[in-house]
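Participant: Convert by adding 39 to the 1-based position in the sequence shown; the result is the number in my numbering.
Since the hints were derived computationally from the structure, they do not count as laboratory data.
Worth double-checking, as some hints may not be accurate.
What the hints assert, rightly or not - In silico DSS-like links for lysine-lysine, alpha-carbon gap of 30 Å or less: (1) Lys86 to Lys169; (2) Lys113 to Lys85; (3) Lys74 to Lys86; (4) Lys74 to Lys169; (5) Lys85 to Lys74; (6) Lys169 to Lys109; (7) Lys113 to Lys169; (8) Lys74 to Lys121; (9) Lys76 to Lys169; (10) Lys113 to Lys76.
Stated by the list, open to error - Simulated restraints on C-beta separations: (11) Arg73 to Met137: 29 to 37 Å; (12) Gly152 to Pro80: 38 to 46 Å; (13) Ile129 to Arg73: 25 to 33 Å; (14) Gln57 to Gly108: 21 to 29 Å; (15) Asn52 to Phe171: 35 to 43 Å.
By construction, the Cβ of each residue, glycine as well, lies at the ideal position given by its N, Cα and C atoms.
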Amino acid sequence: MQVEGSFEVTIPNLNSIQIQALVRNMDTSMRRHRKLKRTNPEEYRKKLIEENPKLYEHYIAIFEMHMDGKLDEKFFNMLKLKHRIELGEITEDEASRMVGQMLFNQYVSPVVGQDAPTGPPPLSYEEYYKQFSNKDE
40 MQVEGSFEVT IPNLNSIQIQ ALVRNMDTSM RRHRKLKRTN PEEYRKKLIE ENPKLYEHYI
100 AIFEMHMDGK LDEKFFNMLK LKHRIELGEI TEDEASRMVG QMLFNQYVSP VVGQDAPTGP
160 PPLSYEEYYK QFSNKDE
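Construct all of the structure, not just a fragment, from the sequences and the given hints.
Facilitator: Here it is in structure tokens:
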């Protein structure tokens, strides 16, 4: 339904592989313009937006997190869950519960004095991808 003078925004329903590809394309842009990041941050941002319009326009939170260096292993775990939903292995409700439990274990449990988080902290974005590049060498 449209209200007079307004417009509808359609967000593409991309699958997990397509979203990951958009993020990897942004990696390329970030490497290409890394000198600008230090010398002219505004121009750096402009270049990233120009070269990654779909990610910026439709998934701005992911774009901003990636630009700020805040994507980590949790992002990829969520993409894996999205992929499992797409394959019909789990429901959205099951995935939501799994994400909630993961976040509870990492952030809430230590604060309220329950068991300490198990396992290592999530890998950074760079550490996550190093796992794959080392296997190819």
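Participant: A separate judgement is required for each hint: does it hold in the structure or not?
Facilitator: Status of each hint after checking the structure:
no.: 1; hint: Lys86 to Lys169; verdict: 25 Å, holds
no.: 2; hint: Lys113 to Lys85; verdict: 27 Å, holds
no.: 3; hint: Lys74 to Lys86; verdict: 12 Å, holds
no.: 4; hint: Lys74 to Lys169; verdict: 22 Å, holds
no.: 5; hint: Lys85 to Lys74; verdict: 14 Å, holds
no.: 6; hint: Lys169 to Lys109; verdict: 16 Å, holds
no.: 7; hint: Lys113 to Lys169; verdict: 16 Å, holds
no.: 8; hint: Lys74 to Lys121; verdict: 34 Å, violated
no.: 9; hint: Lys76 to Lys169; verdict: 22 Å, holds
no.: 10; hint: Lys113 to Lys76; verdict: 25 Å, holds
no.: 11; hint: Arg73 to Met137: 29 to 37 Å; verdict: 35 Å, holds
no.: 12; hint: Gly152 to Pro80: 38 to 46 Å; verdict: 41 Å, holds
no.: 13; hint: Ile129 to Arg73: 25 to 33 Å; verdict: 38 Å, violated
no.: 14; hint: Gln57 to Gly108: 21 to 29 Å; verdict: 23 Å, holds
no.: 15; hint: Asn52 to Phe171: 35 to 43 Å; verdict: 26 Å, violated
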